[in-house]
Every structure is written in C-alpha cells, then in structure tokens.
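**Q** If you read the sequences in order, they're chains A and B. With my numbering applied, the first sequence corresponds to residues 1 to 562, in that order. With my numbering applied, the second sequence corresponds to residues 1001 to 1146, in that order.
Take the hints with a grain of salt, since some may be wrong.
List of simulated lysine to any residue pairs, SDA-like, C-alpha gap at most 25 Å [stated by the list, open to error]: (1) A:467 to B:1103; (2) A:467 to B:1029; (3) A:467 to B:1028; (4) A:467 to B:1129; (5) A:467 to B:1076; (6) A:467 to B:1073; (7) A:467 to B:1137; (8) A:467 to B:1078; (9) A:467 to B:1052.
Partial selection, computed: residues in chain A whose CB lies under 8 Å from chain B [stated by the list, open to error]: (10) 86; (11) 343; (12) 388.
These are computed hints drawn from the structure, not numbers from a lab. Just so it is clear, CB atoms sit at the ideal spot from N, CA and C, and this is done for glycine as well.
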Amino acid sequence: MTEAARPRTAGPAAAGWLGTADQLRTVLMRAADGITVQDANGQVRFANEAAARAMGFEDPDELMRTPQAELIARFELLDASGEPLSPHLLPGRRLLLGGPEEGAVVRFRVRATGDERWSIVRPSAVRDADGRIEFVISSFQDVTALKQSEQHLSLLADAGAILGGSVDYQETLNELARLVVSELADWCVVDIVEPESGVRRVAVAHVDPEKVRLAEEVQRRYPTDDTETGAVARVLETREPMLLREVTDEQLAAAAQDEEHAAQLRVLGLRSVLIVPLVARDNVLGALTLVRSDPARAFGEEDLPITRELAARAAVAVDNARLLNDATEALRLRDDFLAIASHDMRTPLAAILGYLQLARRRLAASDAPDLDRIGDYLASAEATTNRLTGLVADLMDISLLRSGQPLPLDRSRISLSELAGRIVEQHRRLAPDSPISLETNADPVVVDTDVRRLERVLDNLVGNAVKFSPPGAEITVSATAADGSACLTVTDRGRGIPEGELGSIFERYRRGSNALGVRGTGLGLAGSREIVRQLGGEIEVSSRLGEGSTFTVRLPLPDDAP
Amino acid sequence: MADIGAYNRETMAPPADGSQVLIVEDDAGLREVYADALRAEGFGVALASDGNQALALLADRPRVPCAVLLDLRMPGMDGWELARRLRDDTRWHLLPIVVVAAHYRVAEEARRIGAAAWLQKPVTLDRLITAVRDVCEPIASGASLQ
C-alpha cells in the first residue's frame, strides 16, 4: 500500500492508538494466528498465546523457556503427505539456514497428547543493514479442522464409490472396513442384522492382517457373542451411538475369561471404541464398530459426525441391496407362481375338454346316441368346471395373501368335526398307504368361519403330514373344543422339525414353502397361518425330532355356542 | 394349445386285436376320459393313479400293454420315477411311453425320460388317439416288443 492510498483520517488515529509498546504487545499476544519470533540462532524469543496453544503449552512464557532441541522433540513432524519431516525444513529454520522466504503446510503430532494438527506456516525475515537475518517472524494458522473435513470428504467419497460399486453388500462392507482402517481407526467391524437368522458379523478389518487372524483365534478359543449381549447389542437396541473413550486394563480383565484371554485382548489393542448403528428407513440394519489401539488417539465426540455419516451411507447401501434382492426374489416367485398356476389349471382344463369331446363323439357316432352317457360326460365337465373355479379362487387367495391383502371372507356356521371328516376322507382316498384316524368330541363343535378357507388350511396340514410321514405311519386328526376355543390338530409320526426351525416354518417366502404342492394347494404354512389369522384364530406347532409334529389350529367358539 | 410330438399321422383303422394301453394319471376324471376315448377306438385299458399302482398292474398281468400314457407330476410315485423303473427293468424297458403332462417343458422332459411321444395338456382326443395308434400299431402288426 502506498503512502498516498492510506486513509487520511484513520492513519493518524490508528498510529496513535498503537503508539504504546503495551498496545502492540496486546495485539500480538491476542492475534488469532500463532506468531513466533526466532533469533538468528533459532531460539524462540517471542510466542503469542495462539502459538503456545498450538504447540501444547499453557502459556507463551513456558514455551519461550523451553530449549529449542527439547521443543522440537515434543513433536513428531510430518509433511502434507504424512512423511517424516526434518526440523531443518520447517519454514522458519529453513529461512535462517539461507533458504527461501516461503510458507509451507506442516503437520505435527504432539507426542504427549497424540493430538495431530495441521498448520500453514509463513516465515518472514527481518535483516540488519548488511542483510544478515536478525530474527525471523513466523505466523502460523491452524488448519486442522479444514484438513480433517477435507480428509473426511475424501473418505466419504471413497466410501461412496465402494458402497455404490456392487449390490453384494457382504463384499462392499468388507471393502468399506478396509478403507476405514486405513483412515479412521485401527479396527473396523461391521455387524448386520439378518431378517431371519439374527446378527451376523460380516466384516472385520485391521491395518495389520495378522491381527485379524489373532482376533479370529481368540474368538475361537474364547467364544463370546457381543452381538447378543455386549455393546453392539445395546447399540442395536437403543439405536444410539456408543463411545467408550478409554477401555482400561481393568475393564479388559473383567471382560476376559481368564488371564491368557486378557493378555490376548491387550495384544488386540481394544483401547478406544466407537459403535454407531446402521439405520435406513427407520430400520436398524446393523452396527459399525471402530476401535483404536493407541490410548493417545482415543475417540472423542469429534469423531462422531464422520462415523455417523459413514454408517448412514453403509446403511443405505445395505438397504438398497436388500430391496433389490427382495424385488428380484418377488419376481422369481411370481414367475414360479404363474408357471405352477398354469400347470395346475391345465389338468382340469384337459378333463373338461376331454368330456366335451367324448360327448360330441358320441353324438356324431350314431343316429341314436347314448344320451345317458352323454349326460354323464356333461355332468363331469360341469363338476370339473366347478373344481377349476375353486382352484382359480384358491390362486386368487394365494395372490392376495402374498401381497398382504385381506381375503373376502364368507362366514357361516359349520360343524368342525364334519369338516375334518370330509378332509380326512379325501386324504384316505388319495393316500391309502397312510392310515389317518379322526378324533372328535361327542358333542359337535361348531364355529362361524369361512368353510372353504378352513378346508384349504386343514387340507394343507394333512397333506404335509402325509408327505412327511413314512408309509404306514399313523396320522391323527382331531376336532375338539377346549379352553374356550375350537381346536383342529394334525399329528404325524414323521421325522419332526429341528428346534431351530420351529420358529421360522411359518415365515413367508421361505424356500420350499413357496411352491404349490403336488396337488396344487400352494398355500404353504405361511398362507395357512395367514388364513387362520384372518379367520380370527392362531396356528402353532410343536415337534420332537424323530417322533413327529403336531399342528394346532385354534379358532374362537361362537358366543352363543352350545 | 396342445401339441403333438414325434408322431402325427392322419387316420387309422381301429386295432382289431384289442391292444391294451396302460393309463397312469392321478386325476380320476382325466383317467376316465382317456379310457373312454381309447375303448371307443377298440383299445383295452388298464388304469393307475401313480407309479406304484402302474408297477403293480404290470406285474399282475401276463399281457404287456402296447403303450403307457404317462402323467409326470403325481403324488406317490411320479412319472419320472416310473419311467426310470421301467427303463431299468428288462421286462419293460422297450415299452413305449407317451407322456401326457401339463409340464411347461414337457417336450424336454419327455426326451429326458426316453418317451416315444409327448402331448401337452389340455390335449384333444384326436391327437391322443393318433399318438397311441402310432406306437401301438407297429406292435399289433407284428413288430415284437420283447
């Protein structure tokens, strides 16, 4: 700025205000940027408050009293790319050693606290009349926050590329974990809540693959499931992040099963833990766990935003992958359904076509056709048409049930024992090798229900019992009233259902339950349960491996039941 | 619409010798339709609702049928299994099979089990009779099955 450009009024006033050494000193001390002055030997002669803070000192005097070598030893110096930086290349010292008057980005880690900071350092030399440097003024601006957000943005961009790269979320989460351990943590673990099988650990990464092997070894020797009982379970339940700033030796020892386990946990380096839930469309899909091993680099509140953002993106990726899977599966099911439905309609159609052709042939064959015979054919065609109509209605029901819509029920008062008797009779004819016994109360049990739908359910249960029983093994069907409910039970002496599968055999769309049965029932256990529920009842199963299973349908008795 | 496989000849005289056709079909109505249609053409019929019954019928009778009309999907022993058993048994391995099924890849399935002909449900009686004649007539006119 030239003399002429200086504002006339402000000039003298400012000069007047900054006239005293005290005032100048205050301005320097309080400046937001750090300012230091080094003498020709490199010793710090002046430091302001910001400079002291940036270098981890309580106040500038303490900084100035510290000898130069000791001062340098307090920091680990790094250049912008993270490589170790010689103290001689710090801009101020470089200038003192005859280097250019040039600023630089300096990254340094305060050894005592582990705190990592970034500064832009700009030196300028003050020279005597002979051009020798009298002292160097360095100003440095803390750009740690800026640098971190730059790193976070780049991390998020990389994460976005990984997560958007594939619909196989197992693989993408593994890649994400590897990315996270290169940038944000020493360990990264991803747990996913599977809709049917519970929590599954899909990714475990550490910067050192050896550690991952050790972790697997420890898990094998000391199986613990923190996805069910531990911190991860709590995060999945509360949907809130959990920060364990510092895991102490005592805490590790308390979590360990014995001394050796504790020692191994210490080797794994579980020192500071941050767990964030993966939430998408209000569903908890899993949890992202980050661990740091260096207590000096413990997690803090400041690590939450980036971790949450990563978790949110991972959750959306998992959610999308699942939606795509579901949609693909639904299309496959629909195609299967159409194929089987058309298959199942061809048989009655073939019969109808056959009866009509037989009738026509008889009419054409002679002048005095056998009208009784022709009448029989037409009656059969009519009966088969009714059967086909029933099949179409069943297919419609299955379609409604699969899309979660209510069935248009047609209730009437019926005798449960008569209904059971009809179905048992049908199955006796169809499967003469399976003895089916029927047990009923002496008093008829009546219910107000949709007879066709309930028949379908019982037909399905008895059909399953026949299918899963060895030839000759007895099947028992009962229709009784007990505890204020009407009960239909079907008991087989087949191979039984493993305990682990009992909870899920009524699940929708389980493989195997989706195909229409041999006789074209197609309802499956999922459809049966849904029908029973819509009829106001419940269906349950009990089973022992090797001994057989009992399915029980409970329906409300009418209020005015006898 | 129904389609006919290997054979498609137009008209033939009814067989004079009362050649017998084994019908294996789980749908009782369809069994009767096939039976009536074939009887009207002079064939004898034996009826089975699944593979087990078919094997029992074959074992009981001294006379070998000239053809098996075979459905594929059936409760009990299905058509695939019956075809395998027939092929593996030297008494029946030359017995011609005419697959009559609703399966949407019936041609492929019929080829796989080594059937002589195939028809997809719903089938017209003309085609059914033509297919049966095609496999039965060479036998009736002297070609030996065994």
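**Q** Under the criterion that the straight-line Cα-Cα distance not exceed 25 Å, is the pair residue 467 of chain A, residue 1052 of chain B satisfied?
**A** With a Cα-Cα distance of about 16 Å, the restraint between residue 467 of chain A and residue 1052 of chain B holds, given a limit of 25 Å.
**Q** Check whether the Cα positions of residue 467 of chain A and residue 1129 of chain B lie no farther apart than 25 Å.
**A** violated, 35 Å
**Q** Holds or violated: residue 467 of chain A and residue 1073 of chain B, Cα atoms, limit 25 Å.
**A** holds, 14 Å
**Q** Has the given pair, residue 467 of chain A with residue 1103 of chain B, been kept, meaning a C-alpha gap of at most 25 Å?
**A** Distance ~21 Å between residue 467 of chain A and residue 1103 of chain B Cα, so the pair holds.
**Q** Is residue 467 of chain A within 25 Å of residue 1076 of chain B, Cα to Cα?
**A** Answer holds: residue 467 of chain A to residue 1076 of chain B is near 9 Å, not above 25 Å.
**Q** Regarding the hint that residue 343 of chain A lies at the interface with chain B, is the smallest CB-CB distance below 8 Å?
**A** At 5 Å from the nearest chain B Cβ, residue 343 of chain A passes the 8 Å test, so the hint holds.
**Q** Would you mind confirming whether the straight-line C-alpha gap from residue 467 of chain A to residue 1029 of chain B stays at or under 25 Å?
**A** Given that 25 Å is the threshold and the Cα spacing comes to 23 Å, the pair holds.
**Q** Checking hints one by one. Is residue 86 of chain A an interface residue toward chain B, by the C-beta closer than 8 Å rule?
**A** violated, 76 Å
**Q** Residue 467 of chain A and residue 1137 of chain B: Cα distance at most 25 Å?
**A** With a Cα-Cα distance of about 40 Å, the restraint between residue 467 of chain A and residue 1137 of chain B is violated, given a limit of 25 Å.
**Q** Taken at face value, is the distance from the CA of residue 1028 of chain B to the CA of residue 467 of chain A at most 25 Å?
**A** Holds, because 20 Å separates the two Cα atoms, which is no more than 25 Å.
**Q** Does the CB of residue 388 of chain A sit less than 8 Å away from some CB of chain B?
**A** Interface hint status for residue 388 of chain A: violated (11 Å vs cutoff 8 Å).
**Q** Going straight from one Cα to the other, do residue 467 of chain A and residue 1078 of chain B come out at no more than 25 Å?
**A** holds, 13 Å
Of the numbered hints stated above, those contradicted by the structure are hints 4, 7, 10, 12, listed in ascending order.
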